[in-house]
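Chains P and D, in that order, give the protein sequences. If you read the first sequence in our numbering, its first letter stands for residue 1, the second for the next number, and so on. If you read the second sequence in our numbering, its first letter stands for residue 1, the second for the next number, and so on.
Hint data in this document are derived by calculation from the structure and do not stem from the laboratory. Quick caveat, the model's predicted, so the values are computed rather than measured. Hints should not be assumed to be uniformly reliable.
Unchecked claim - Just a few of them, taken from the derived set where beta-carbon distance is under 10 angstroms, the chain D residues facing chain P:
#1 2
#2 34
#3 61
#4 66
#5 107
Virtual Cβ for every residue (Gly too), placed ideally from N, Cα, C.
The lines below spell out each chain.
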Amino acid sequence: SAVISQKPSRDICQRGTSLTIQCQVDSQVTMMFWYRQQPGQSLTLIATANQGSEATYESGFVIDKFPISRPNLTFSTLTVSNMSPEDSSIYLCSVGYLAGSSPPTFGQGTRLTVV
Amino acid sequence: DQQVKQNSPSLSVQEGRISILNCDYTNSMFDYFLWYKKYPAEGPTFLISISSIKDKNEDGRFTVFLNKSAKHLSLHIVPSQPGDSAVYFCAASPGYNAGNNRKLIWGLGTSLAVNP
Numbered sequence: 001s002a003v004i005s006q007k008p009s010r011d012i013c014q015r016g017t018s019l020t021i022q023c024q025v026d027s028q029v030t031m032m033f034w035y036r037q038q039p040g041q042s043l044t045l046i047a048t049a050n051q052g053s054e055a056t057y058e059s060g061f062v063i064d065k066f067p068i069s070r071p072n073l074t075f076s077t078l079t080v081s082n083m084s085p086e087d088s089s090i091y092l093c094s095v096g097y098l099a100g101s102s103p104p105t106f107g108q109g110t111r112l113t114v115v
Numbered sequence: 001d002q003q004v005k006q007n008s009p010s011l012s013v014q015e016g017r018i019s020i021l022n023c024d025y026t027n028s029m030f031d032y033f034l035w036y037k038k039y040p041a042e043g044p045t046f047l048i049s050i051s052s053i054k055d056k057n058e059d060g061r062f063t064v065f066l067n068k069s070a071k072h073l074s075l076h077i078v079p080s081q082p083g084d085s086a087v088y089f090c091a092a093s094p095g096y097n098a099g100n101n102r103k104l105i106w107g108l109g110t111s112l113a114v115n116p
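Okay, chain P solo, but in the shape it has when bound (with noise of 0.2 angstroms):
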């Protein structure tokens, strides 16, 4: 399976700033996704990124938000713009489908604290 390096492991920020977090994959693969969970809570899909093309963002996120940049079919990243104490999540991205010979895949994961 794909081995994912995520940085950085942990920040905190000042409110109102911008982080963006950056995933590396050690293969070429077409879809990356991003995760958040925030304390207390599950998983929660927010976009798939797309080589080539804008990401595809689920349900209650949006790109002005958090925008995501794929470059190359090896790396992405994800900024959580205009911070604010409410995004203090974990967040991870991760690679991999179901139908595929290797399930989702993920990275360490980065310990976001906005105060």
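Starting from the structure of chain P, add chain D where the hints point.
For chain D alone, kept in the frame of chain P given last:
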């Protein structure tokens, strides 16, 4: 509305005994289920999965049972080891058999502590 429910936030078992983690779901369209394990400061790691065409899948010490009529699945770990202490997440896919091959709906997780 939580479509995948793990009603026990935590579970404590003795080393060598069986650990049983439970998961209930509400959507009858869910047809593929996965269990993930998560250690602190790490991402979730895939453990075992089961398709709705089966009622049991086994991999070493880990067995997942699926009861479709009850919309219930369980993960059995036998024998439990201290290294199994982690948070276990149940996840379900709506429409795997219909070609929806990416979206997972997750439970809140159960924290398992295996005591030496």
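Hint by hint, here is what the structure shows:
no.	hint	result
1	2	holds (7 angstroms)
2	34	holds (6 angstroms)
3	61	violated (18 angstroms)
4	66	violated (16 angstroms)
5	107	holds (6 angstroms)
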